[in-house]
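So you can see what is in the structure, the chains are spelled out below.
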Amino acid sequence: MQNPYEPYPIRIDKIIDAVEDKSLKTFKFVFLNPEDEEKFSYTAGQFAELSIAGVGEIPIGIASSPTEKGFVMFTVFKTGKVTSHLHSMKEGDIMGIRGPLGNSYPWDLLYGKNVLIIGGGFAFTTLRSSIVYMLDPKNRSKFNDIHVVYGARSPGMLLYKEELAAWEARDDIHMNITVDATDDPDWKYNTGFVPTITEQKAPSASDDTYAIICGPPIMIKFTQPVLENMGYPHDHIIMSLENRMKCGVGLCGRCGIGKELVCKDGPVFTLADLNKTPREY
Amino acid sequence: MKIIKIDKKDWAGGLKKSENSYRLMGPVKGGNRLTSEFRVLEKGQVPDLSLSDALLSPKSIVFPQSESMFKYTTDENSDDVNILKRPEKEYPLTAVVGIRPYDAAAFLILKKNFDTKEYRDPYWMDAYESCVFVGLAVNEPSSTDFSASVNSGPFAEAGLDVLLADDGDVFLAKTLTDKGAAWLKAAGWENEADLAHASKRIEEMKAAAEKKIASTISFENIPNKSIMELYNADFWNDAAFSCINCGTCAYLCPTCWCFDIQDENHGKSGSRNKLWDSCMFPLFTLHGSGHNPRDTKTMRVRQRFMHKLKYYPDKYEDGPMCVGCGRCVRFCPVNIDIRKICEQMNSYKAC
Chain D
1 MQNPYEPYPI
11 RIDKIIDAVE
21 DKSLKTFKFV
31 FLNPEDEEKF
41 SYTAGQFAEL
51 SIAGVGEIPI
61 GIASSPTEKG
71 FVMFTVFKTG
81 KVTSHLHSMK
91 EGDIMGIRGP
101 LGNSYPWDLL
111 YGKNVLIIGG
121 GFAFTTLRSS
131 IVYMLDPKNR
141 SKFNDIHVVY
151 GARSPGMLLY
161 KEELAAWEAR
171 DDIHMNITVD
181 ATDDPDWKYN
191 TGFVPTITEQ
201 KAPSASDDTY
211 AIICGPPIMI
221 KFTQPVLENM
231 GYPHDHIIMS
241 LENRMKCGVG
251 LCGRCGIGKE
261 LVCKDGPVFT
271 LADLNKTPRE
281 Y
Chain C
1 MKIIKIDKKD
11 WAGGLKKSEN
21 SYRLMGPVKG
31 GNRLTSEFRV
41 LEKGQVPDLS
51 LSDALLSPKS
61 IVFPQSESMF
71 KYTTDENSDD
81 VNILKRPEKE
91 YPLTAVVGIR
101 PYDAAAFLIL
111 KKNFDTKEYR
121 DPYWMDAYES
131 CVFVGLAVNE
141 PSSTDFSASV
151 NSGPFAEAGL
161 DVLLADDGDV
171 FLAKTLTDKG
181 AAWLKAAGWE
191 NEADLAHASK
201 RIEEMKAAAE
211 KKIASTISFE
221 NIPNKSIMEL
231 YNADFWNDAA
241 FSCINCGTCA
251 YLCPTCWCFD
261 IQDENHGKSG
271 SRNKLWDSCM
281 FPLFTLHGSG
291 HNPRDTKTMR
301 VRQRFMHKLK
311 YYPDKYEDGP
321 MCVGCGRCVR
331 FCPVNIDIRK
341 ICEQMNSYKA
351 C
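In order, the protein sequence lines correspond to chains D and C.
Under the working numbering, think of the first position of the first sequence as 1, with each following residue one higher.
Under the working numbering, think of the first position of the second sequence as 1, with each following residue one higher.
The set of hints was computed from the structure by calculation and includes no laboratory data.
Some hints here could point you the wrong way.
Derived lysine-lysine pairs resembling DSSO-like cross-links, with alpha carbons at most 27 Å apart [stated by the list, open to error]:
1) LYS85(C) / LYS276(D)
2) LYS111(C) / LYS315(C)
3) LYS14(D) / LYS85(C)
4) LYS113(D) / LYS14(D)
5) LYS276(D) / LYS315(C)
6) LYS276(D) / LYS29(C)
7) LYS268(C) / LYS81(D)
8) LYS71(C) / LYS259(D)
9) LYS340(C) / LYS259(D)
10) LYS28(D) / LYS85(C)
11) LYS8(C) / LYS259(D)
12) LYS268(C) / LYS14(D)
13) LYS185(C) / LYS8(C)
14) LYS90(D) / LYS349(C)
15) LYS78(D) / LYS315(C)
With the Cβ distance kept under 8 Å, some of the chain C side facing chain D (calculated, not the full set) [unchecked claim]:
16) VAL46
17) LEU49
18) SER50
19) ALA158
20) ARG201
21) MET205
22) TYR231
23) CYS258
24) ASP263
25) PHE281
26) PHE284
27) GLY288
All values reported here derive from a predicted model rather than from experimental measurement.
For every residue, glycine included, the Cβ atom is placed at its ideal position computed from N, Cα and C.
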């Protein structure tokens, strides 16, 4: 069996400023050994440990979609030691990646269903992966209606703006982009917090409709009651958690919430799962 | 199964003979003379079996307090810049002589964590698989030994390759595995005792030792209570009141497995290390954002006991993550006692 702590070597192929305040950068990586890309076969909703020799590792959700080949993509918020170092690296630098890690969004369950995606701020990365995956011509017919509510503080803080605009133009996905506030006279989408826009725009609950929520704690806190009032049962509300991690493979014991390990049993749980476990995340 | 009779006069000689094909580890005084621990023995050194209840559990044989997982260079001029490589390390065949049955049982609990169907920790596995565990049965259990109530016991055999029973002038060595038999053979001990007679003698010693166990715990009701019921129980603040979050319990515990991973640099070269860690420490769960999901000591104390007595048994459908060695009870500086907390959990009824 492979050493689960050993990263695949990767090269930073491209670095893109993702938002106007430069707190987020998008990194495209290519594998130094093409066979490692084969081994790194992932599903939307999984994460990886980005590894920088001499600095450490950091668990980050995979923002590229399994349908996109030749690279893997991550959008990283500059916050701690490793992410700050990563923000100072340059194209061509060599680092490492371990994964894919964790479960993913429950795709087997979602086939044939309506999917409501609710995202806020920079927690839109694995949701971007999911949308690109679902909209792929080979996959779109596997899903019924797809709704998206995505909000950020301001237009300049929205991730993946060009893709958002392209999805807005399509008729096989219902986009509801929103910002908390803006003084941009040309802003043509919604204004308001994510819970409010969810209440106004989200599809009504049904056995065949699942909501995936990913966002800051405050957004989740106020969106959950909105979905409950709309009649979404707890096993139809899917969430992706973050916790401090080291090994990422269920061995170091750090990210436990009750008997579940966020890294290995998660990071994706239904609200029904989370009701049975301490909310230590 | 065979029982070999080892005359204590032949003990040192046999150990020395086995050194031709085995590295020996055993209990010795620690560097500062205050502690006792399991270490690699010098050639000809005889383990001090009076220290088998070693202060520091033998888990470090397989799971060192710090261990290099990878070496690397950050020198841009090197072809291997930023590439991590596992350091060369020998894992010689090692006989761990004088380990207590409860400490051997602890390795089986650790193995459930480090050897899973999805992932295997190669550092832990390589070290574990190179060991032959030669146990020393407990004739005189300490007042804090509650091993008999947590799937171990003074003469328990799980996780051992040989069980030595100290019977005055002789050791009766019960061979439990082929690995154990091979070590006994390498030591030149081949004097087979009459099986029926020696088995009876071991049973007598076992019964006498079990009778001396003064300390027990009960956990039979814990599986029937939900995680949230126990998590929200009213006794955690009181249980944690005196705790100073020193982590002694976790560091002495033979079954605590949580670890950290950190890079340590010397100029342009460095090592990615695996280091013991503990849920008692606030940094253990501190997010990069500053948010800490277990930011009070009550939450951390609860985590330790819930993990041992509820989360682990539920997750692995096993008994508690505890072998009853009693170290945490003896060495907690503020007298927190897992036996008492287990009893509170076991008898808890939410009102």
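Hints and how they fare:
1. LYS85(C) / LYS276(D): Given that 27 Å is the threshold and the Cα spacing comes to 41 Å, the pair is violated.
2. LYS111(C) / LYS315(C): Roughly 14 Å between the alpha carbons, so the hint for LYS111(C) and LYS315(C) holds.
3. LYS14(D) / LYS85(C): This hinted pair holds, its Cα atoms lying about 26 Å apart.
4. LYS113(D) / LYS14(D): violated (36 Å)
5. LYS276(D) / LYS315(C): holds (13 Å)
6. LYS276(D) / LYS29(C): violated (47 Å)
7. LYS268(C) / LYS81(D): holds (18 Å)
8. LYS71(C) / LYS259(D): Status violated; Cα separation ~33 Å.
9. LYS340(C) / LYS259(D): Holds - the C-alpha atoms of LYS259(D) and LYS340(C) are around 22 Å apart, at most 27 Å.
10. LYS28(D) / LYS85(C): Holds, at roughly 24 Å.
11. LYS8(C) / LYS259(D): violated (47 Å)
12. LYS268(C) / LYS14(D): Roughly 25 Å between the alpha carbons, so the hint for LYS268(C) and LYS14(D) holds.
13. LYS185(C) / LYS8(C): holds (16 Å)
14. LYS90(D) / LYS349(C): violated (59 Å)
15. LYS78(D) / LYS315(C): It is violated: about 35 Å lies between the C-alpha atoms, which goes past 27 Å.
16. VAL46: violated (36 Å)
17. LEU49: This hint is violated: LEU49(C) lies away from chain D, its Cβ roughly 33 Å from the closest one there, beyond 8 Å.
18. SER50: For SER50(C), the interface hint is violated, since the closest Cβ of chain D sits about 34 Å away, which is over 8 Å.
19. ALA158: violated (22 Å)
20. ARG201: This interface hint is violated because 42 Å lies over the 8 Å limit.
21. MET205: violated (37 Å)
22. TYR231: Holds, because the Cβ-Cβ distance from TYR231(C) to chain D comes to roughly 5 Å (cut-off 8 Å).
23. CYS258: Hint on CYS258(C): holds, closest Cβ of chain D at ~4 Å, below 8 Å.
24. ASP263: holds (5 Å)
25. PHE281: violated (11 Å)
26. PHE284: holds (6 Å)
27. GLY288: Nearest chain D Cβ about 3 Å off; hint holds.
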